[in-house]
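Undergrad: The lines below spell out each chain.
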Amino acid sequence: MPETNHELQNEVAGLIVSTLNLDVSPEEIQPDASLYGEGLGLDSIDILEVALVVSKRFGFQLRADNADNVSIFSSLASLTRHIAANREK
Amino acid sequence: MTALSTLPLIAHRHLDAVVAWRGSTPVSVRQFLGEVEYVAGQLPPGRHVLNLCGDRYRFTVALAACIVSGRVSLLPSTHTPEMVRQMQRIAPDVFCIADQGADVDLPTFRYPESMPPPAVTPAIPDIDCAQVIAQVFTSGSTGVPVPHVKRWGSLVRNVRAEAQRLGIGVGHAILGTVPPQHMYGLESTVLMPLQSGAALHAGRPFYPADICAALASLPRPRVLVTTPYHLRALLTEQATLPAVDQLLSATAPLSQDLAEEAENRFGTPLHEIYGCTETGQLASRRTTAGLEWQTLSDIRLRREGQTLWAEGGHIDRPTCLADVIELTGGSPVSTTFLLHGRHADQVNIAGKRTSLAYLNHQLNAIPGVQDGIFLLPQGDSPDSIHRLTALVVAPGLIPSALTQALRERIDPVFLPRPLLFVDALPRNATGKLPSQITQDLLTTLQAQSATREPA
Numbered sequence: 001m002p003e004t005n006h007e008l009q010n011e012v013a014g015l016i017v018s019t020l021n022l023d024v025s026p027e028e029i030q031p032d033a034s035l036y037g038e039g040l041g042l043d044s045i046d047i048l049e050v051a052l053v054v055s056k057r058f059g060f061q062l063r064a065d066n067a068d069n070v071s072i073f074s075s076l077a078s079l080t081r082h083i084a085a086n087r088e089k
Numbered sequence: 001m002t003a004l005s006t007l008p009l010i011a012h013r014h015l016d017a018v019v020a021w022r023g024s025t026p027v028s029v030r031q032f033l034g035e036v037e038y039v040a041g042q043l044p045p046g047r048h049v050l051n052l053c054g055d056r057y058r059f060t061v062a063l064a065a066c067i068v069s070g071r072v073s074l075l076p077s078t079h080t081p082e083m084v085r086q087m088q089r090i091a092p093d094v095f096c097i098a099d100q101g102a103d104v105d106l107p108t109f110r111y112p113e114s115m116p117p118p119a120v121t122p123a124i125p126d127i128d129c130a131q132v133i134a135q136v137f138t139s140g141s142t143g144v145p146v147p148h149v150k151r152w153g154s155l156v157r158n159v160r161a162e163a164q165r166l167g168i169g170v171g172h173a174i175l176g177t178v179p180p181q182h183m184y185g186l187e188s189t190v191l192m193p194l195q196s197g198a199a200l201h202a203g204r205p206f207y208p209a210d211i212c213a214a215l216a217s218l219p220r221p222r223v224l225v226t227t228p229y230h231l232r233a234l235l236t237e238q239a240t241l242p243a244v245d246q247l248l249s250a251t252a253p254l255s256q257d258l259a260e261e262a263e264n265r266f267g268t269p270l271h272e273i274y275g276c277t278e279t280g281q282l283a284s285r286r287t288t289a290g291l292e293w294q295t296l297s298d299i300r301l302r303r304e305g306q307t308l309w310a311e312g313g314h315i316d317r318p319t320c321l322a323d324v325i326e327l328t329g330g331s332p333v334s335t336t337f338l339l340h341g342r343h344a345d346q347v348n349i350a351g352k353r354t355s356l357a358y359l360n361h362q363l364n365a366i367p368g369v370q371d372g373i374f375l376l377p378q379g380d381s382p383d384s385i386h387r388l389t390a391l392v393v394a395p396g397l398i399p400s401a402l403t404q405a406l407r408e409r410i411d412p413v414f415l416p417r418p419l420l421f422v423d424a425l426p427r428n429a430t431g432k433l434p435s436q437i438t439q440d441l442l443t444t445l446q447a448q449s450a451t452r453e454p455a
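As you go down the protein sequences, you meet chains A and B in turn.
Per full-length UniProt numbering, the very first residue in the first sequence carries number 1; after that it's consecutive.
Per full-length UniProt numbering, the very first residue in the second sequence carries number 1; after that it's consecutive.
Treat the hints as calculated values from the structure; they're not laboratory data.
Any given hint might turn out to be false.
Interface residues of chain B toward chain A, partial, derived using beta-carbon atoms under 10 Å [to be verified]:
(1) Pro208
(2) Gly330
(3) Pro412
(4) Val413
(5) Arg417
Among the chain A residues that face chain B by a calculated CB cut under 7 Å, a handful are [claimed, not checked]:
(6) Ser18
(7) Thr19
(8) Asp23
(9) Val24
(10) Asp43
(11) Ile45
(12) Leu48
(13) Ala51
(14) Leu52
Glycine included, C-beta positions come from ideal geometry on N, C-alpha and C.
Isolated chain B (complex conformation) (with noise of 0.2 Å):
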């Protein structure tokens, strides 16, 4: 494969393009690289940062300044305190920026409020395909996070295939509900912006109300970038829905029957994203149209014995999946396939992901907590969210002190409901713990908490 050796940070051919809606107001690509000139010039010496820009458009400008001033970003599932410890001793030089009250325990370089205005013709950078402009991090089984460099070819040539697959170019405005700190908002809600020419939304509506207003600012056409539990929420409270021209869900599975709902009432095709931490985006489908997954342009799954490697397209060399994967197509080498679920190990809540392995190293690296064991929730409906259940054996530890010290260590949506004492867990010989047996004792101390409560 031939690679060109640079690519713009930008892929819009004017500068009076617009490259993002602050509201209803466009923000120009004039505008927008003079504030990443700006913005690059004023940052602190480190190399590496944590962007906390709570607006998606500044969030955009210092990552763009990050990236033309050779920064990288690190992308951490969470921001807890030991997070950023963690963060801290794998990059010393660490810095965060913010756009408002950072509630982190780093150095941090406040947001211009202001700015200069921009040159009257400022160029597009162009930025080096090998130059890493990001790491993003998996749980580790040992409660450090496993980085994973991002490369600026790889990452571009990733989001024009996710642009190409879903029409996705000059003229749309993109909405998103997740956040851009997370790999599925980078890819969708800013890169793929950038490099399709099409225009971002600086916010992030959160109550379905929102949302719709939202929506109904932009022009069209008009995309919205979500998850199956904001598209929940916004189909059950809103009577009525702008039209959108093109739906994307990510991070959890959609039931067919949602997807169908969405369709029919916002009018317009929903697709979903699959993807992973160490690939980035794969493959996507058109849910109502069938459960099969199609990979993006140039992407192959390929059956080795018990491993499943993802390569082609931009994927810099062949990375092993851990999910449950069927190809479809009767060859070890597939472009299409079914997904029957993640790794018995990973752990994802309303798009958060973690691994049981994780946050039981968290949980038994709590002084006073002698033992102790996460588990999955056993409902399995895809539309819904369920929580963790934890057993701790922990005799001089009172419940609200236990779940502040993991509120420190793990983030809130993996945090156990319930957090359940016992006297021992039932480890076998060899210390492991059966999960029939520790299903069955949680079935009990749930049937026995059950005939506690008041009728």
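Just chain A, with the same shape it has in the complex (with noise of 0.2 Å):
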């Protein structure tokens, strides 16, 4: 990941953890971690809180084929990816 993009991981890993009140600190976070299931455990309802706090941080709005298909959020890292690509504030 390129330097630049530290930043912007730690500012999604503490809104991950704000908006869910998780018990973990964002330093916690590994980077290559599954956000969902065994990982870091978030389920779907947790992963469209995420969606509207990104949408309304960033502008943009996160898409998905179909419900199944989340897989923007199987990492923080690929999160943050999709964020940097896409971010227009």
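Join these two chains into a complex; the hints should help.
TA: Pasting the structure below:
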């Protein structure tokens, strides 16, 4: 990941923790570990909550083919890359 | 009551009528019937099916193929490894039908990628009203799901009454944000379109922008079948909303404020549907018009001492309701009522239902757990989601291992947040856990946890 994304990644980790009121600190989220299922344990309700916050903060709306395809959320790093590529603010 | 002995698979009258939309491409009745017949001929011998198709059209074809071949679809509340094992115990011949990677440990029939062209004039099959087409499950108190059979005649009468109440029929296009594998989605996004001559949308859009795009791709009149949780996300994120001609919400009560905002911004009435696993859909209300529910045609609620029965309409035999219901109209038999809440043991998070007894059984079945209890969330605002808490005595287990063991057994929405480890639960002399004492312990633990958090 480019150096410039580190700051964004930290911000996204902070957004996830604060939005969901998680019992971990942002630094504890492993960039390449799964955000849902066995990793951080987020489910579709959490993902929708985070999506709303991401949309508001970065000025673009997340899209997916269907409800089973939320691959943007496969890891903190992939979510950060997606935001970096699509953000409008 | 004189009941017909068979009812047709679909209510559409012409082979060229539209039965589904895949994106903006229509699927005709002719094509649908051809695919149903083809899939029915390919299925393996088992008589019980777990239909995991993610595409709603493929789910519908697979369901119809099971119906015309006399198979029973199993509809458990979740697909965790433990629940799949329980389905296998109930029906050892169960296999799953999947249209993408299925993550269950069952023999799998892969939904065909391509099919031969349909016959020129396929016939619409008639289905015996007494045929069991599905089994749905409630959470038993002993950790074993309790099956309830669904017969074709009763299901059809139920969704026809729903369509009649909502004014849905030929020409309507129906989009759902809920999965077809649960009762609400099965009834309102699969069976109601099939039995009213309407068309179902094959997708299940997730993000608000996807829901709006899918709606905009459909011809009008359009119907959105959703939940309070998706509705709130839509209204929060989307500045402009596509026109919709009917909104339907279920799975949890909606506040009148959210209902009013939805009606104003979509420019259409919003109705809520109330039902339960045992009876199917029972009543509806237009939330902005008042909190009172009106039963669907010919259904009555009858109070007899402490017991409340639902009867008439599509209900084959009087069925006892567990919810806290006040009949209105001043008589012990009524078609209108107020709903004051679910039964105390019932848990409903984002529309998924289970019971505390079931969750507690699963928690205590994990090796290393000496004692444990789930607690209901204290917050009670209807439009936001609150998670469960669990207190557990498990000195040899680390939290991540316990969470992982729970994930194998219960749906992820019920995973406790927080999961709190304690030395012992404050059980009284009879082994019971008085709720006030448990809540006091929880308050103390949460206060301790808050003081440890960094500023």
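Undergrad: With reference to the structure, classify each hint as holding or not holding.
TA: Here is what the structure says about each hint:
1. Pro208: Given a least distance of 7 Å, the restraint on proline 208 of chain B holds.
2. Gly330: It is violated, given that the least Cβ distance between glycine 330 of chain B and chain A is near 41 Å, above 10 Å.
3. Pro412: Since chain A brings a Cβ to about 4 Å from proline 412 of chain B, closer than 10 Å, the hint holds.
4. Val413: holds (6 Å)
5. Arg417: Where the cut-off is 10 Å and the nearest Cβ of chain A is about 7 Å from arginine 417 of chain B, the hint holds.
6. Ser18: Given a least distance of 12 Å, the restraint on serine 18 of chain A is violated.
7. Thr19: violated (12 Å)
8. Asp23: At 6 Å from the nearest chain B Cβ, aspartate 23 of chain A passes the 7 Å test, so the hint holds.
9. Val24: violated (11 Å)
10. Asp43: Given a least distance of 4 Å, the restraint on aspartate 43 of chain A holds.
11. Ile45: The hint holds - isoleucine 45 of chain A has a Cβ within 7 Å of chain B, the shortest such distance being about 5 Å.
12. Leu48: OK, holds: leucine 48 of chain A within 7 Å of chain B, min 5 Å.
13. Ala51: With a minimum Cβ separation of about 6 Å from chain B (threshold 7 Å), the hint on alanine 51 of chain A holds.
14. Leu52: holds (6 Å)
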